[in-house]
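Going by the numbering used here, the sequence shown runs without a break in its numbering and finishes at 1451.
The reader is advised that the hints may include incorrect statements.
[As the list claims (entries may be wrong)] 30 Å max Cα-Cα, derived DSS-like pairs, lysine-lysine:
1. K1051 to K1199
2. K1199 to K1366
3. K1051 to K865
4. K1311 to K1366
5. K875 to K865
To be clear, the hints were calculated from the coordinates, so they are not data collected in a lab.
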Amino acid sequence: MGGGGGGRVAMRDEKAQRRANADAPRVPDLGKRIVSLFAPHKRQITLTIVLVLVVATIAVFPPLLTQRVFDEALFPLDGSGVDLQLLWTLVGIMVALWVSSSLLGIWQTWITSRVGNRVMGQLRTSLFDRLQGMELAFFTRTKTGVIQSRLQNDVGGVASVLSNTVSSVVGNTVTVIASLVTMLILSWQLTIAAVLLTPVLIILQRRVGQVRARIATKTQESLSEMTAITQESLSVSGILLAKAFGRQADESRRYRDENDRQIDLQVRLMMSGQTFFALVSIFISILPAVIYVIAGYLITGQAPGADEGVTAGTLVAFTTVQARLLMPLMGLLRVSLDLQTSSALFARIFEYLDLVPAIVPPAEPKPLPRERAGEVEFDRVEFHYPDAREGERATLDGVSFRLEPGTFAAFVGPSGAGKTTIGYLLPRLHEVTGGAVRLGGVDVRELDPAALTDHIGIVSQEPYLFHASIAENLRYAKPDATDAELDAATRAASIYDTIHRFPDGYDTIVGERGYRLSGGEKQRIAIARVLLKDPEVLVLDEATSALDTVSERVVQAALDAAARGRTTLAIAHRLSTIRDADVIFVIDAGRIVERGTHAELLALGGTYATLFAQQSAD
């Protein structure tokens, strides 16, 4: 929401974020797991390797042909003059090799691009699937923006690594080996001089990679916070809150501060490798000059291992190959640097992939007896929230009741008593920590989650509507619903006439979170959506408490119609809405302290009677 304060500043603290994900295990064997991502694409990877090997092999021949062009065609060592026929032949072969190499390179790039993007797409969908399977408590303790950042920024940040790593590593490795072999054939003395400083570059690269990895971690954390700020502050609710309290400037400042931090981190990340690559560039630039000097000493016999066989063609060919050696070597160093930098992103991605849901489906689900699907039982149920402090009282403590099919049961009590938790335990949005919740006589932990939710409908205090048409929001409950079924559901929810007063009818776009509709209209569309699902059990979580009196009466009539013939658990704030309930349970401090009908509880003169008297007086 808008209006940032100290609490949200504290959430930016890295320790707080680590606590929020404390249940995620460390990522083991990161390198192996990155390699395993490519396992489903073995055939394409194999073809890529073959193409890379062919292209790298082709690259060996032009330098050798260059030597022949100089020493046999242009400047023959026997002094016979220019051989144009041989020159055309050698040049023709060189052009054919270059064209072939380029065409094969295009094919190889297409394959690696497809594989890399498919791996990235699979990584993103696997991450989304894992998050879909997480329990509700995970999302109540984790910022939505942070989750979005894992899906977008982190996965996007490793895109180039996934797309280019295989071809770059294989191609550059083969090119380096082939170039070294060619250089040794041309002159072993010059080869030693050319590779003398390579170990120093490798050591520097490792140091730079470690620094970049640390900066990359901080950069992604900052991106997560920026995404969270954007999601919170630019949502409809966030904008309304900021405008209502005049905090737009504070929100802009909060975003600007984090953006400045992001800019600083991006600059540091970019500059952290520039000195290293500048040294590599200097090394590459001056090496040919060094080779020329060494060649001069070799040719004149003034150096150990003097070789008068170093000709002009040999020297041109050698410097050509040497350039082909250093650029792939630099490419390998860059890939290694990218992998070290991306290791932080991969670790964040795998951390979420390794999350273990607290609520898991049973290995062998039991069937739910259809004739008893409306039978609900809580048997000495206890519940603690996962992040509850030690010694903190249980949210629910020994709650027991049984509802026959078709019973309308209401749960009332002061705020924080545990009423909503009861409604969430039945569809297994939370997991009991003691006792059992049964539907149709079967423990909900032994039912298939899809089968369980098929029999339960929930109408919450704040119904969620997508930024889509009314019809699309309704069909979320039943994608194949006919127009006639939509009409029946909306008539039952007392929203049919309202919808058809809109110019676009069912095609009316409701806006972000349904903000183009009134509270009562949103609530009745939510009721119609549940009616399309046609569940045996209905959970009403204070479904009218946020409405005005007129809207409440209309919505309450729709709820009464929806509850008819169904087992209904109504969590109520306004006691006037549940006076006709078959049974009323009074919850206080996680326990049922009273139960009975409205008349019986008034006659008892206990907690319910006190609450009713207070509301009546109000």
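*Violated hints - listed by number, lowest first*: 1
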